[in-house]
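Peer 1: Residues 1 to 251, numbered by our numbering, are exactly what the sequence shown covers, in order.
Rather than coming from a laboratory, the hints here were simulated on the basis of the structure. The structure displayed is predicted, hence computed values, not measured ones.
If you anchor each label on the Cβ, the simulated ranges turn out as follows: (1) 94 / 200: 19 to 27 Å; (2) 110 / 88: 15 to 23 Å; (3) 177 / 69: 28 to 36 Å; (4) 128 / 222: 17 to 25 Å; (5) 206 / 93: 14 to 22 Å; (6) 106 / 83: 19 to 27 Å; (7) 69 / 150: 35 to 43 Å; (8) 9 / 174: 22 to 30 Å; (9) 62 / 150: 41 to 49 Å; (10) 11 / 184: 22 to 30 Å.
Note that beta-carbon positions come from the ideal geometry of N, C-alpha and C, so glycine has one too.
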Amino acid sequence: YIMSDEYISYKGILFHPLACEPTHLSFVENEFQVLDDDVFNLTYPKTGTTWIMEILSLIRSKGDPTWTKTVPNWNRVPWLENVETPEIIISMSLKPRHFTSHLAKKIFCHSFFSSKAKAIYTVRDPKDLLVSLYYFSKMTIYFKDPGTFEEFLELFLKGDMPYGSWFDHVRGWMELRGQSNFLLLTYDDLQQDLRGTVVKICKFLGKELDDQAINLVVEHATFENMKNNKMSNFSLLDDRFDLNMSPFMRK
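Given the sequences, and given the hints that come with them, work out the whole structure.
Peer 2: Structure, rendered in structure tokens:
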């Protein structure tokens with residue numbers, strides 16, 4: 001478990017070299033071919049990313065948890081920008097393809113904006129996000145040691161951290177609000193009305209699930225169930241996340 005002291009920069013946005021590297025980021029932005037039926041789970045870090053990965057997987061399996069309990073979520077809804085992704089994309093047999101990304105709109109795939117592909121963007125109250133991100137940065141190799149909370153707050157406000165400024169991230173993606181291929185969700189929606197949110201996502205994706213299937217999706221996508229699923233809680237990646245320091249999913 002090694003904390004890196006060096007970030008890399010791509011177009012002014014910081015990344016951890018073990019997660020992303022410039023040639024791949026450039027490929028994603030300029031050459032990656034988005035298909036019209038692709039679905040993107042877009043978030044700033046610690047904004048319900050894993051939750052949406054789980055919901056998308058369970059909607060696809062009509063609530064049957066076998067897939068979510070046997071295949072890691074980064075193979076089910078892979079990270080577009082991660083260095084390991086090209087191999088995963090090549091071997092993706094399931095259509096439509098589902099992807100996850102923390103990329104800001106200004107460096108996202110050009111081909112997305114002229115496609116009919118769908119994007120789900122989840123936002124979270126910045127105060128809650130900040131606390132979650134602080135604990136996360138203490139336990140993952142993808143962030144430098146955050147120091148004190150006050151020091152971390154200063155970095156956050158300046159956007160001096162992986163994936164860049166939260167303010168720019170939200171402002172950028174919110175420009176798509178109101179478009180038919182863009183669904184805006186909040187972390188509160190997931191916490192307070194999981195069933196309603198699952199129904200909303202199904203409708204957005206054009207998926208018709210009966211009540212029983214919806215109930216199964218909701219049951220297996222509860223925070224507690226997801227937290228205990230080793231295919232979703234990142235415990236398999238113990239060389240990247242120190243789960244003794246802080247669980248990947250706190251609350």
